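Q: As a plain string of letters, each chain reads:
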Amino acid sequence: MKIFKQSNEPGERNYRYNTSVFLICLVISAIFWLLVKFADENQTDITIPVKYTGIPQGKQLVGNPDSVLTINIKSSGFGLLRFKYLLSEKPFVIHLSDNQLIKQNNTYTYSIGTISLVQQIIDLYRISGSIEYVSPETVILRFEDQQSKLVPVIPDISYTLMKQYYAYDSLKIDPKYVEIKGVEESISSIFFVKTEPLKFENLTVSIQQKVRLQVPDSKYPVELYPDEVNLFLPVEKYTEAEIQIPVETKNTPPGIRVKLFPEKVTVFCMVALKDFKRLEPSLFTCTVDLAELQGESRKRLKCEIDASPSFVKIQRIVPADVEYIILK
Amino acid sequence: MLEIGLTGGIGSGKSLIARIFKMFDVPVFDADFEAKSLYQEIETMEKIRQLFGERVFNKGEIDRKVLANMVFSEQSMLNKLNQLIHPKVRSLYTNWVGKNLNAPYVVYEAAILFETGYYQKLDKTILVVAEEELRIRRTMKRDQTTRAEVLHRMSRQWSDERKIPLADFIIHNNDNDLLLPQVYDVHQRLLGF
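Heads up: the sequence lines are chains W and C, in that order.
Numbered according to my numbering, the first sequence spans residues 1 to 328.
Numbered according to my numbering, the second sequence spans residues 1001 to 1193.
Where hints are given, some of them may not hold.
Said to hold, decoys possible - Computed list of chain C residues with no C-beta within reach of chain W, every gap over 10 Å: (1) 1023; (2) 1024; (3) 1063; (4) 1064; (5) 1075; (6) 1080; (7) 1133; (8) 1145; (9) 1192.
Unchecked claim - Lysine-lysine pairs mimicking DSS-like chemistry, simulated, CA-CA at most 25 Å apart: (10) C:1047 with W:264; (11) C:1036 with C:1047; (12) W:264 with C:1022.
It is worth saying that the hints were derived from the structure and are not from the lab.
Predicted model, so just to flag it, every value in this text is computed and none were measured.
Quick reminder that beta carbons are idealized off the backbone N, C-alpha and C, glycines included.
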């Protein structure tokens, strides 16, 4: 209550104004202090990412090449600040040239002294100070010959179909094989590549699209040619059809005749609407196997569809078995 | 040559048995089919028009359902129809037999054989029997009709118990009965006569 009361008094209000003035002065002096400090020369380590280009044709970088360079810079605070926070994300590109490769057994090495890169670094990042040293002093890169082989493509596709719709044919991938390139150590353990996973639900139309391939995990990167394939899944609307076909016998023991009843069975199958008119009894073969009779007495013989057109999906046979008598 | 009658109550499966006889190259005369065909003939249609009037016709053709309701409700009407149709069927059968004299025997398939007394003119008779419930289910499924209608039609036929003593051969056609051995056995025995 006392404080509240004081704050309403004119004299105390002046006291408050004095505090604000103090804080403003403090901030201004801090700024000046920073400007003075940043104007001073400083020395610090800064890391910059490194990229390698011009990798010789048919060769691949192996081992664990340096991915950053550490540079020690002597510069004003402003220069360091600008470099550290604005420019150091920009990679420094080291261009390789074939003639510096040295072959050792099956590997090639390439070395470059980083001191020779100092001027390039200064130019690229427009460093106002000086570079005291670069670490590592020498970048050593190791290469191996790139190998290639063909591997099959495995589709990683799942799908569901709407009622009455069926896949008219199997899922097709084109091309079925792709070329995989990489060092022998990597590609020797890769036997197939998978497509990116795709999921389709309640399909009513055919699928025809490109799908990317998953680059297999390996110690060293591998490349795929092509890196995507065409995917094709024909989908058609089906209807149930029934067709009467004669029952034949197979494995009939010599010297006997067999009568079957019924002599014809009805095959219920699913057929694409576009193929409905192609259905003909002659395209089907239904048999009973008389070898079943050997050694045991059976009342009926099971009917089996031995041949049917590829465009139908057999649902059931009615009757599933037939009576028989042996006529000697 | 023997003339064999094949009969059975509604839904007993006599047509199925007839098919098996055909498999053994036995000529089969389907009396019910022939009778139905007669209803399409102009001469028969005219006679029916004279006997039963225009009400049994629908769009120029005989409405067999209306005709059946009429004749089965009055015995005299049924007799008139039988007197018209049966002689014609018999005549067709006689001609048909004449064409099949080389067969060891022929089969005359009819729904009613004992009821009409025609069985007495045949050499042997085969009766197809099945459990009543099974016959009802088969007929309902085949004719897409009601249980009551099937029972009504069955009531107009003789029961199996009444027909069995008159038959020479009985073929059982329940779901688990094997038909082929039964028919083959009858076939062999008929060939032996």
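Q: Next, verify each hint and record whether it holds.
A: Hint-by-hint comparison with the structure:
1. 1023: For residue 1023 (chain C), whose nearest Cβ neighbour in chain W is about 6 Å away, the distance does not exceed 10 Å, so it is violated.
2. 1024: Violated: least Cβ distance 8 Å, not greater than 10 Å.
3. 1063: holds, 31 Å
4. 1064: holds, 28 Å
5. 1075: For residue 1075 (chain C), whose nearest Cβ neighbour in chain W is about 39 Å away, the distance exceeds 10 Å, so it holds.
6. 1080: Its Cβ never comes within 10 Å of chain W, the nearest being 40 Å, so this holds.
7. 1133: holds, 21 Å
8. 1145: holds, 22 Å
9. 1192: holds, 16 Å
10. C:1047 with W:264: violated, 41 Å
11. C:1036 with C:1047: holds, 15 Å
12. W:264 with C:1022: holds, 14 Å
The structure fails hints 1, 2, 10 (numbered hints given earlier, in ascending order).
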